[in-house]
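> As you go down the protein sequences, you meet chains C and A in turn. Sequential numbering of the first sequence, starting at 1, is according to this note's numbering. Sequential numbering of the second sequence, starting at 1, is according to this note's numbering.
FYI, nobody ran anything at the bench for these hints, they're computed from the structure. Possibly wrong hints are sitting among the right ones.
Below, a list of computed lysine-lysine pairs in the BS3-like style, where the Cα atoms sit at most 27 Å apart [claimed, not checked]:
| no. | chain 1 | residue 1 | chain 2 | residue 2 |
| --- | --- | --- | --- | --- |
| 1 | A | Lys176 | C | Lys39 |
| 2 | A | Lys202 | A | Lys176 |
| 3 | A | Lys202 | A | Lys6 |
| 4 | A | Lys8 | A | Lys202 |
| 5 | A | Lys8 | C | Lys58 |
| 6 | C | Lys56 | C | Lys14 |
| 7 | C | Lys56 | C | Lys39 |
| 8 | A | Lys202 | C | Lys14 |
| 9 | A | Lys6 | C | Lys56 |
| 10 | A | Lys6 | C | Lys58 |
| 11 | A | Lys8 | C | Lys56 |
| 12 | C | Lys56 | A | Lys176 |
| 13 | C | Lys58 | C | Lys39 |
| 14 | C | Lys14 | C | Lys39 |
| 15 | C | Lys58 | C | Lys14 |
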Amino acid sequence: MVVFFKAGSELRHKLQPDVDYYTRRVETEPGRTVREILKDLGLDPAFVAFVYVEGKVKNLDYVPTEGQNLTLQPPVSGG
Amino acid sequence: MSLNDKEKERYRRQLGVRSWDQDRLRSASVLVAGVGGLGGTSSLYLALAGVGRLRIADRDRVDPSNLNRQVLFGEESVGRLKAEEAGRRLREANPRIQVEAFAEDITPASVGRLAGGCSLIVDGLDNIATRRVLNAYSVRSRIPYLYGAVRGWEGMLGLFEPPGTACLECLLAGNKDTDTELPVFGSLAGTIGLLQATESLKHLLGLERTLLGRLLIYDGRDMTFDLVDVARNPSCPVCSSLKA
Numbered sequence: 001m002v003v004f005f006k007a008g009s010e011l012r013h014k015l016q017p018d019v020d021y022y023t024r025r026v027e028t029e030p031g032r033t034v035r036e037i038l039k040d041l042g043l044d045p046a047f048v049a050f051v052y053v054e055g056k057v058k059n060l061d062y063v064p065t066e067g068q069n070l071t072l073q074p075p076v077s078g079g
Numbered sequence: 001m002s003l004n005d006k007e008k009e010r011y012r013r014q015l016g017v018r019s020w021d022q023d024r025l026r027s028a029s030v031l032v033a034g035v036g037g038l039g040g041t042s043s044l045y046l047a048l049a050g051v052g053r054l055r056i057a058d059r060d061r062v063d064p065s066n067l068n069r070q071v072l073f074g075e076e077s078v079g080r081l082k083a084e085e086a087g088r089r090l091r092e093a094n095p096r097i098q099v100e101a102f103a104e105d106i107t108p109a110s111v112g113r114l115a116g117g118c119s120l121i122v123d124g125l126d127n128i129a130t131r132r133v134l135n136a137y138s139v140r141s142r143i144p145y146l147y148g149a150v151r152g153w154e155g156m157l158g159l160f161e162p163p164g165t166a167c168l169e170c171l172l173a174g175n176k177d178t179d180t181e182l183p184v185f186g187s188l189a190g191t192i193g194l195l196q197a198t199e200s201l202k203h204l205l206g207l208e209r210t211l212l213g214r215l216l217i218y219d220g221r222d223m224t225f226d227l228v229d230v231a232r233n234p235s236c237p238v239c240s241s242l243k244a
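Let the sequences and hints guide you as you build the complete structure.
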């Protein structure tokens, strides 16, 4: 199964996009959570606060489906 | 309560804005929690707009490293209490409103005194722990919470008012503060603070199409805005007991 991870400017250097400037194509097994997929990629899930997909915020326990585009959002707490 | 001649002149350029209600703004009370990069900007524009009663709370003193983004302070402010400096600056900016400044920490013991009776809480904080205190009070007292946060090139804001929407804890889930100082620059923090000010005014004016239950996520490097829904967490420790 293929999903696409997208990162904004704060996580892009960790994601190492390969499809375009923002996006990395990820092959994974169906049923794996975002947290598990991040670990499979060697990315520390602590760098990601939540993801959003199809206009909705999801936590790292979300299980993506084939072809989905997921945007990774880092913890943002400054002021 | 009608505007006097000086108020009519001061607010003349905004009185013609469609759906604007200066009397409604004058009768509003808002807590701006933190008057740094976010809260300094939002409080300034709420004061200029004529929000009648602004409460500001910040325990810190001005540090030289604040001056890249915190527009209420200058080099002469370094070492002074932020709340007092910001209060003075806001009263200068608009002497026709009431500004109450509290140079103290927002804790479970103090939050009711600081936020009680307000029609909106504006988050200008720089840490998750205090946001949790404020969010819990917001949920208990049913005062809407306007979240804002920045880091590097990215920032976000959203408006929460459970049980109709998620609360901030639904979004934060298990997130904790990082040990490191997050990088931030002035125009990024100012952008989010300005958007918070506009969103506050819309809420106070009773307008529709606010960010209720949604996040607006801004990436300054890419110049993109994403608008996403935040669903209630059915097991949220803060708001799940409230029935929609």
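> Give a verdict on every hint.
Results for each hint:
Restraint check: the Cα-Cα separation between A:Lys176 and C:Lys39 comes to about 20 Å, which is no more than 27 Å; the hinted pair holds. Distance restraint check for A:Lys202 and A:Lys176: the Cα-Cα separation of roughly 31 Å exceeds the 27 Å cut-off, and the hinted pair is therefore not satisfied. Note on A:Lys202 and A:Lys6: the hinted pairing holds, with a Cα-Cα distance of about 24 Å set against a maximum of 27 Å. Taken as a hint, the A:Lys8 and A:Lys202 pair is honoured in the structure, with Cα atoms around 20 Å apart against an allowance of 27 Å.
The straight-line distance between the Cα atoms of A:Lys8 and C:Lys58 is roughly 47 Å, outside the 27 Å bound, and the hint therefore fails. Proximity of C:Lys56 to C:Lys14 is assessed by CA-CA distance (about 23 Å); at most 27 Å being required, the pair is judged to hold. For the hint linking C:Lys56 to C:Lys39, the alpha-carbon distance of about 22 Å falls within 27 Å, and the restraint holds. Our distance criterion of 27 Å between C-alpha atoms is broken by A:Lys202 and C:Lys14, whose separation comes to about 38 Å.
The hinted pair formed by A:Lys6 and C:Lys56 fails the criterion: a straight-line CA distance of about 47 Å is larger than 27 Å. Annotation: proposed proximity of A:Lys6 to C:Lys58 is violated, straight-line Cα distance about 50 Å (limit 27 Å). A distance of roughly 43 Å separates the Cα atoms of A:Lys8 and C:Lys56; the hinted pair therefore is violated under the 27 Å criterion. Taking the CA atoms of C:Lys56 and A:Lys176, the gap is about 22 Å. The hint holds against a cut of 27 Å.
A threshold of 27 Å between alpha carbons decides the hint, and for C:Lys58 with C:Lys39 the separation of about 17 Å falls inside it, so the pair holds. For the given pair, C:Lys14 sits about 12 Å from C:Lys39 by alpha-carbon distance, which is consistent with the 27 Å threshold. The straight-line distance between the Cα atoms of C:Lys58 and C:Lys14 is roughly 20 Å, inside the 27 Å bound, and the hint therefore holds.
Consistency with the previously given hints fails for numbers 2, 5, 8, 9, 10 and 11, ordered from lowest to highest.
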